[in-house]
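K.L.:
Given next are the chains, with one letter for each unit.
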Amino acid sequence: MTGSIFNIPFLAVAALIGIALYIIISQRNLIKLVMGITILESGVNLFLITLGYRAAGITPIYTHAPEGVMVLPVPQALTLTSIVIGVATTALMLSMLVLTYRHTGDIDSEKSRRMKG
Amino acid sequence: MDTLVAHSAVLIIAIPLLAAFLTPLISRASEKARDIFVITSLAFVEFLVIILAKDIYLNGIHIYTLGASSPTLTIPEHYMVPVRIILEVDAMSIFMGIISATVSLAAAIYSLSFMKRETGGDRFYILLLLLVAGMLGLEFTGDMFNMFVFLEILSISGAALAAFRTRFADAVEGGFKYIVISAVGALVILFAVGIFYAPNIICST
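Residue numbers (our numbering), protein chains in the order written: chain A, 1 to 117; chain B, 118 to 322.
A hint or two may mislead.
[What the hints assert, rightly or not] Computed cross-link-like contacts, DSSO-like style, restricted to lysine-lysine with a CA-CA straight-line distance of at most 30 Å: (1) B/233 to B/294; (2) B/294 to A/32; (3) A/111 to B/294; (4) B/149 to B/233; (5) A/32 to A/111.
[Unchecked claim] Listed next, the stretches of chain B that the computed footprint assigns to chain A, with coverage defined by at least 3 CB atoms under 8 Å from CB atoms of chain A: (6) 255 to 269; (7) 286 to 293.
No wet-lab data here; the hints were simulated from the structure.
On a predicted model such as this, the values are computed, not experimentally measured, just so you know.
From the three backbone atoms N, C-alpha and C, an ideal C-beta is built for every residue, glycine too.
Construct the complete structure from the given sequences, taking the supplied hints into account.
P.N.:
See the structure below:
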């Protein structure tokens, strides 16, 4: 399994991260920018989960564990932490967008900017 | 004193984090008590950083294992792999720690008079203490997982502090730019942590 070139989840990770970086660079609507960051976060989370996957692995709980190979719990824990942090980041970005809209009346990145340079 | 030195690595991170969540409770009593509490916490952190620096200067790198029966026990008794959160403080970390603790204490003392002209002082001190906890944690951590967590604490509280005076459009715009750049950067770092971790998963199977 590990030697196969055709790992479909990794192709999905590459597609998600590519789409997200294209959105972040090209879009001028700031809501779409936040959406791009969320897609990038999904791509990275999918990458970590795919790394931690093992065929026929059992959950790493030691009490009454059946015989077999356990998966490492670190990628799952890292992904869970990343999801929680991503919610905080998205909430903060959207709240700043609300304030930007109140100040300037626009969420286009060219029309709502006040700083020059 | 020896106990304080042995546990100082985790106390330096834990004290600003706990003080951040105690600050709104104390400010219900009075603003004077809140100011004294914030300054006392940061001064105690500064004191701990200095005694830890002296210990590192004399005895070399300081390792602290969270959850172990002894703080220097890095490998658990019955397992083959070190599955624990470990703080590693070497001379470079404590050098940056001295700078961070001193600058944050000075910033808090300056904020006492500055925040008299502003509203929302409670939230300002919560964000400042979270910033200090993230900064010191980023310097003292011993693994990539916690480096990412502390980096995100640092960038979220830093961006919120940058946009703190929300009545100015410039402040909000600068905060938004900061959070976008730091969110993309932190996700790329998380991707790198995954790449860094992948050989270990395959070797351990």
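K.L.:
Each of the hints needs a verdict: does it hold here or not?
P.N.:
Against the structure, the hints come out as follows:
1. About 28 Å separates the Cα atoms of residue 233 of chain B and residue 294 of chain B, which keeps this hinted pair within 30 Å; it holds.
2. Using a Cα cut-off of 30 Å, the hinted pair residue 294 of chain B and residue 32 of chain A holds, with the two alpha carbons roughly 14 Å apart.
3. Taken as a hint, the residue 111 of chain A and residue 294 of chain B pair is honoured in the structure, with Cα atoms around 15 Å apart against an allowance of 30 Å.
4. At most 30 Å may separate the alpha-carbon atoms for a hinted pair to count; residue 149 of chain B and residue 233 of chain B meet this at roughly 11 Å.
5. Of the supplied pair hints, the one linking residue 32 of chain A and residue 111 of chain A holds, its CA atoms being roughly 15 Å apart against a limit of 30 Å.
6. Look at the stretch 255 to 269 of chain B against chain A: 4 of its residues bring a Cβ nearer than 8 Å to a Cβ of that chain, three or more, so the hint holds.
7. For the stretch 286 to 293 of chain B, the stated coverage by chain A holds: 7 residues have a C-beta nearer than 8 Å to a C-beta of that chain, and at least 3 were required.
When each numbered hint is compared with the structure, no violation occurs for any of them.
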